[in-house]
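Undergrad: The primary structure of each chain is shown beneath.
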Amino acid sequence: MTHTSPSTTPPPSAIQCRGLTFHWNPQAPAIHYPDITLPQGHHLFLRGPSGSGKSTLLGLICGLSPLQQGQLTLLGQDARQLSRGRFDRLRADQLGVIFQQFNLVPYLSPLANTLLPCRLSARRRLRTAPSARKEAEALLEALTIPPRHWHHPINELSVGQQQRVAAARALIGSPGLILADEPTSALDTDNRDRFIQILLNQANARQTSVLFVSHDEALAQHFPNQLTLGAPQ
Amino acid sequence: MNLRLALSLALASIWHRRGILALVTLTLTLSIVLLLGVQYLRTEVRQSFTSTISGTDLIVGARGGQLNLLLYSVFHLGNATNNIHWSTYEKLRQMDSVDWLVPLSLGDSYRGYRVVGTDSGFLKHYRHGNDRPLQLVSGDWFDDVFDVVLGANVAREFHHQLGEELVLAHGGGATSFLRHDQTPFRVSGILAPTGTPVDRAVYVSLEGLEAIHAGWESGVPRPGRTLSKDQARQLNLAPQAITAVLLGAERKVLTFRLQRQLNEYEDEPLTAILPGIALSELWRIMGQFERALLAITGFVVITSLVGLAAVLLTLQVHRQQEIAILRATGASPILIALLYVIECTALATLASLLAVLVGVALIAAAGPWLVDHYGLHLQLRPLDSSEWLMLAGVPLAAALVGLIPAVRAWWNSRRQHFGTTSTE
Chain D
19 MTHTSPSTTP
29 PPSAIQCRGL
39 TFHWNPQAPA
49 IHYPDITLPQ
59 GHHLFLRGPS
69 GSGKSTLLGL
79 ICGLSPLQQG
89 QLTLLGQDAR
99 QLSRGRFDRL
109 RADQLGVIFQ
119 QFNLVPYLSP
129 LANTLLPCRL
139 SARRRLRTAP
149 SARKEAEALL
159 EALTIPPRHW
169 HHPINELSVG
179 QQQRVAAARA
189 LIGSPGLILA
199 DEPTSALDTD
209 NRDRFIQILL
219 NQANARQTSV
229 LFVSHDEALA
239 QHFPNQLTLG
249 APQ
Chain G
3 MNLRLALSLA
13 LASIWHRRGI
23 LALVTLTLTL
33 SIVLLLGVQY
43 LRTEVRQSFT
53 STISGTDLIV
63 GARGGQLNLL
73 LYSVFHLGNA
83 TNNIHWSTYE
93 KLRQMDSVDW
103 LVPLSLGDSY
113 RGYRVVGTDS
123 GFLKHYRHGN
133 DRPLQLVSGD
143 WFDDVFDVVL
153 GANVAREFHH
163 QLGEELVLAH
173 GGGATSFLRH
183 DQTPFRVSGI
193 LAPTGTPVDR
203 AVYVSLEGLE
213 AIHAGWESGV
223 PRPGRTLSKD
233 QARQLNLAPQ
243 AITAVLLGAE
253 RKVLTFRLQR
263 QLNEYEDEPL
273 TAILPGIALS
283 ELWRIMGQFE
293 RALLAITGFV
303 VITSLVGLAA
313 VLLTLQVHRQ
323 QEIAILRATG
333 ASPILIALLY
343 VIECTALATL
353 ASLLAVLVGV
363 ALIAAAGPWL
373 VDHYGLHLQL
383 RPLDSSEWLM
393 LAGVPLAAAL
403 VGLIPAVRAW
413 WNSRRQHFGT
423 TSTE
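Residue numbers (the working numbering), protein chains in the order written: chain D, 19 to 251; chain G, 3 to 426.
With the rest of the complex left out, here is chain D (with noise of 0.2 Å):
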């Protein structure tokens, strides 16, 4: 591991959550969430049927969606303490995100798309080494990201490109949490096992815990750690 993690005291939980629910109004169902305690450095695969909730419980552990009930820890911080502006600025320092498709901005060259976070928060900016740049043009390149893409438009790149230059920007800075929701579905078999590997090796590299979410049963096999979400009540 050539990377350090960013204390010396031991890391704590990445995530640790207790009776997490939440409702999107008054009258609608609650969801409840089982209790998740995954250790720093560790990966959870979560799977469920569409409407359990996943994605709502990426919300609401990235800060977007306000919690409601129940104790959320994140990284050692306790996501009730924390206020909108701090979420944020703890999601730039943080967290990578990775969504099921359009991951990039779409007037941004992949380059530019990967050193994003590090534009937004000076920490994560820090933690790059040797510099940004280096490793933006590292991280695609150990992602297969054809250098003659780097400085193009990104509607120049397929769909895989595009997801990989997405797991790119979440691995960046060495976030201590990647959430990623579903990002292989629009991927055949041979690109979605690939991308699974180069992402957990580039976050075991990093020491960065990933919560990947989804309904491809083939896919668990990856993850020693593994969740099954309930469908709805």
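Check the hints yourself; a few may be wrong.
Here are some, though not all, of the chain G residues that point toward chain D, as calculated from beta-carbon distances under 10 Å [to be verified]:
1. A14
2. P335
3. R417
4. G421
Don't read these hints as lab results, they were simulated from the structure. We treat Cβ as the ideally placed atom computed from N, Cα and C, and that holds for glycine.
Fit chain G to the given chain D structure using the hints.
TA: Only chain G this time, still in chain D's reference frame:
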């Protein structure tokens, strides 16, 4: 707040959407050109108007209102209530405080344009604009009794050439039934355009006017009493009366004293006015119009800005994906809102710069043509403070207008959910 990031994102986003944004920027540019152009022309035209006649210290006419005197003597509008006796003119010329006098005699017309009886002093002393003298584009100032010099508009409208003969009409108006058929005038010279009423008049000698009116003492030609040219030349053509006098003072500082002296002239009731002051007063009356015009063009700019905001609002629908990514990456709602304000302001700034360039190009291109055709000396000059204020006001107003999509984006991005398929 990461201002540099916001700036570079906003500029990249503008470039990404340059197709549609170029159109709204063009609209905005044209409206700013209009606004600046009206303001620019306003000052230039006011300048040009208030120096319709310069270098003349006093205009003297029969007792009457000062605007009336200005209108009939300089603009050839309306009629004098009375004439000045030639003897008075002679006496004025004797006064020590008077440097020069130019007599003006009005009354006849040529196809709707006024005939001005004067002498060579008019060419010598009349100034307009920034002390510009009159110039002849061809021929010479009149020399003979039956010579006429044409103003630029008159020559252009009727395509008159040197040496052509014209017949003047008795009295004003475009169609006069009484014409001085027996005594046609020969065109001896044509004046260059000045952008003043000088362009819309013809100039003959006082003697010429006397000659064509011999036998017209009752106002109509008496049969058998009118004369041919040669007969007329034999007469004593000393004028009896004139309409007004342009006066140059010996010492400019004593102009006010001279004015009072003339207003209290004992032998004949006179009115003397300072042309500069009278012109400014006249402009103040007409100035309402230009202010209304400026207000209208101001509204045109506001309309374009609202159009810009509307386009940005429309584009917002297509930007949810990008906003979701930025939010998930840690961008604050304020940063998202800032993108819109910056985009709006940047486009308005670009439009303002383009407007200045277009304006400079237009003035440079149209300037010579305006001088040739209208005698309007429109020159490039640095923008004055009010024009700078207007120019700076546009991006400021754009920043305000940009708040509309910005606040909406801020509000929506606070309620941003996880994922790029959000339809909020």
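Undergrad: Now tell me, hint by hint, if it's right for this structure.
TA: Tested hints:
no., hint, result
1, A14, "holds, 5 Å"
2, P335, "holds, 8 Å"
3, R417, "holds, 9 Å"
4, G421, "holds, 5 Å"
Hint compliance for this structure: every hint is met.
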